[in-house]
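Chemist: Chain residues, written in single-letter form:
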Amino acid sequence: MAKHAITVTVNGAPRKAEVESRLLLVHLLREEFRMTGTHIGCDTTHCGACTVLLDGVPVKSCTVLAVQADGRSVMTVEGLEKDGALHPIQDGFMQEHGLQCGFCTPGMMMTGYALLERTKSPKEDEIRSAISGNLCRCTGYVNIVKAVEHAAAKLR
Amino acid sequence: MATLRTTPEVGGMGHSVKRKEDPRFIRGQGNYVDDVVLPGMLHMDIVRSPFAHAKIKKIDSTAALKVPGVLAVITGETLEKYKLHWMPTLMSDTQMVLPTEKVMYQAQEVAAVIATDRYAAADGVAAVEVDYDPLPVLVDPWKAIEPGAQVLRTDKPDKKDNRIFHWEVGDRAATDEVFAKAPVKVKQRIYIPRIHVASIETCGCVASFDKAQGKLTVYMTTQAPHAIRTVFALVAGHVGLSEEKIRIISPDIGGGFGGKVPVYPGYVIAVAASVVIGKPVKWVEDRMENLQADSFARDYHIDAELAAEKDGTIKALRIKTLADHGYADAAANPSKFPAGLFSICTGSYDVKQAFAEVDGVYTNKPPGGIAYRCSFRVTEAVHAIERMTDILAQEVKIDPAELRFKNFIPPEKFPYKSATGWEYDSGNYAGALKKAMDMIGYADLRKEQAAKRAKGELMGIGISSFTEIVGAGPSKHFDILGIKMFDSCELRVHPTGKALARFGTKSQGQGHETTYAQIVAEELGIPAAHIQVEEGDTDTAPYGLGTYASRSTPTAGAAGAIAARKVRDKARKIAAHLLEVNEDDLVWEPGKFSVKGAPQKAKTIQEIALAAYTNHPQGMEAGLEATSYYDPPNLTFPFGSYICVVDLDRGTGEVKIRRFVAIDDCGNIINPMIVQGQVHGGLTMGMAPALLEEISYDENGNVQGGSFMDYLVPTAMETPKWETGHTVTPSPHHPFGAKGVGESATVGAPPAIANAVVDALAHLGVRHIDIPITPEKVWRILKEKGVAE
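If you're matching them up, the sequences are chains A and B in order.
21 is the number that the working numbering gives to position 21 of the first sequence; each next residue is one higher, with no gaps.
With the second sequence counted from 1, adding 156 to any position gets you the working numbering.
Don't read these hints as lab results, they were simulated from the structure.
Just so it is clear, CB atoms sit at the ideal spot from N, CA and C, and this is done for glycine as well.
Careful, some of the hints might be misleading.
[Said to hold, decoys possible] Computed spacing ranges between beta-carbons, pair by pair:
no. : chain 1 : residue 1 : chain 2 : residue 2 : range
1   : B       : Pro651    : A       : Glu126    : 31 to 41 Å
2   : A       : Ser129    : B       : Pro931    : 37 to 47 Å
3   : B       : Arg602    : A       : Arg34     : 58 to 68 Å
4   : A       : Asp83     : B       : Pro651    : 42 to 52 Å
5   : A       : Ser129    : B       : Lys611    : 24 to 34 Å
6   : A       : Asp83     : B       : Gln756    : 42 to 52 Å
7   : B       : Ala607    : A       : Gly84     : 56 to 66 Å
8   : B       : Glu879    : A       : Glu126    : 53 to 63 Å
9   : B       : Ser398    : A       : Asp55     : 30 to 40 Å
10  : A       : Glu18     : B       : Glu257    : 56 to 66 Å
From just these sequences and the hints, can you work out the full model?
Modeler: If you want it as structure tokens, here you go:
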């Protein structure tokens, strides 16, 4: 199968890869780049465990081809912490008990991060709407909403 | 906890200590099974049947073996050579690993492809050609028990029908006699549909066989690693796998809820492939495989009856149930309990006579009967009694809260012996219901409902006052394949006063690394931050039966406390030696022993730990460690009262949960933050089957609800803002009075919601609606009653 040479900027650093046309972005990240913080939960774009930011916009990386990310910028959960300091969204999830098994958490945090890039003081229904494409089976969402609110307050 | 015995720095019982597992998860540094990569690792993918019942005429692997990267295709014939094509289930039934003759359900494993990467393995699956001869499909369990129905398990030479087991409890004759004389009788058929736990991480493993050492290591999404090791040794002993050469590692697990207790065929095939090929093999199922082939939960057809006085006093309960187990009984119940703990069906009420029976039946559906975040069929039992209680209230025209108060087992009757043979440890049911009613403003809600009804608006209030039975269990009754259901802790205190505690359970998000550390902190006064908790590696952790059925705190948590107390006993001897006093002259407070009457003469646990390795008394062994294998004297009986308020949309039939108040009583609380998180999650997994989730089948056995396209897991949009609270009634027999909480809300929430919806429609003559209560079901009722907008 034909291979394509691509360059993707991941968390600020350019990364090169030779990929098949059909390789999914999530597999590029997890298996080629060995960044396993982005998880796979459903393959049908419903669960959001694989959410990353593509040029700042949340996408489900199980339904984006790696070649579609060529020349673009991807941010993953591994890019949240800067110089040893947690991003407020990470701290919010820990302080508000917004995670249990931790499997949906990276995708959930990336969606929350993108929401807070768009709006400084989201209301509860805005947060719920923003994360409605990210499934969590453990928390019942109440504390995830609080975690995003916690981060919003810290960022303001 | 009424009072905190430790400081926040120590973080014992009752402190909302932040979780120790979070720093790795919020950095994306968890280690889940699909994150495991070993040198030379191969990938496995599975060919699955499109038919629910069919003969396999031929499997042609020729084209698949030509696909670049494909190394092998494994079929039932391959496994038959090693006698590994069938395996036992946890219920001592048998289940195919890969078929040699016929398939019994849609999505059943037919063959496995081993390849160099996951894409090549998927290409190989697409290229395997299977020639099927479809057979008549038996989907309906009622048809499956009819005389003359085709016999599905033709692999069992003596099998003449589709019945799996008959189980009963209680006094049939005495119960029938009460019913014959009772002035009030109510009866209802209640179907509790097939659902799936759908943890966000699916199931999978990496099997790695080291030929030189003859050692098999399996990284596996399992809630019960030790039991799995023993099962592997028993099932594959004849091909040379010996238990000391098997290591099961449960890495971080992305949710379990009961779905990661059984052994699935994929695990066995991956292990066989690794043993034969001599390289690591990874298998991780996709979501559709997970929903369509892994163990389902529930699927109980219940006929329930209550006998009562005219004033609503319950006299007797009678239940007859048909349990659809699919083509094999692959439930994960304790061996002596084919219907799990369904006999908790008398619930929170002082029911003098009860009789319940359950018949298990085979159909052309996936095997199972596991729990969905509940302790062995407790949800089914609670749904039945809580729905029946409301139906009785409706019949005798008494408010459902009042009817419950009238029938609750009173606090002074504990320990209470139930008509089905259980000894409830402790409870204050009226206290929990009263607190819930006060919190939600019950009386005002009833007034509001009456006013709304007068205007034609549909509002309902539903109550559920549930009692659970968890923490299996006393070994005299409870075992899985003969292994007693104790659990364990091995505790070592290091010279610098820090500790390592290993347990036989396995967290899947419950936060054991934090709560177990708090238990040890409470008992020894060593800060929870200094206690490293480990589970899930059978080479290092003590043997235990695993985490499910809310058993971790009742069993392994208890073992942690007992091991810590053993350590404390030795610490006392060392302190007496150091302080040159008699042991009896010492007083313990968390973290130190001091001399009676001379509190300035004291030794901290850290000083004692150092002495245990540097200055221990003559004649005493060095070191400071202890092990406990805890066999609980009884189960624990968490309870609670939930109240739900719903508004129904007369145009769409949509059920909107306006408020939901949950008062739980799980005895003494280790970590309030984690308990609240467990209740939030449990409530959401209670709402899910009440309103959204169902896996059904058409007449050809085609699955409906086999992907997240049509299996509706709740999102943040449907999930209400849960309101929670507690009463505290400690368990009298548990070392620190705890009961377990992980599943209470999943058990208690569905009837509260169903009762609320029925309540909204009760004045129109509606008495029962089966879950899930979808907008379509409600809309049809509204249409039939002439009130749809």
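Chemist: It remains to establish, for every hint, whether it holds in the given structure.
Modeler: Structure-based check of all given hints:
1. A hinted range of 31 to 41 Å is violated for the C-beta pair Pro651 of chain B and Glu126 of chain A, which are about 54 Å apart.
2. Between Ser129 of chain A and Pro931 of chain B the Cβ separation comes to about 20 Å, which falls outside the hinted range of 37 to 47 Å.
3. Look at Arg602 of chain B against Arg34 of chain A: about 60 Å separates their beta carbons, and that is inside 58 to 68 Å.
4. Taken as a hint, the range 42 to 52 Å is violated for the pair Asp83 of chain A and Pro651 of chain B, whose Cβ atoms sit roughly 36 Å apart.
5. Distance hint check for Ser129 of chain A and Lys611 of chain B: the Cβ-Cβ separation is about 31 Å, which falls inside the suggested range of 24 to 34 Å.
6. As the Cβ distance of Asp83 of chain A to Gln756 of chain B is approximately 47 Å, the hint placing it in 42 to 52 Å holds.
7. A C-beta distance of roughly 59 Å is found between Ala607 of chain B and Gly84 of chain A, which places it inside the suggested range of 56 to 66 Å.
8. Distance hint check for Glu879 of chain B and Glu126 of chain A: the Cβ-Cβ separation is about 22 Å, which falls outside the suggested range of 53 to 63 Å.
9. Against the hinted window of 30 to 40 Å, the Cβ-Cβ separation of Ser398 of chain B and Asp55 of chain A comes to about 55 Å, which falls outside the hint.
10. Checked against the given bound of 56 to 66 Å, the beta carbons of Glu18 of chain A and Glu257 of chain B, roughly 45 Å apart, lie outside it.
Of the numbered hints given earlier, the model fails hints 1, 2, 4, 8, 9 and 10; all others are met.
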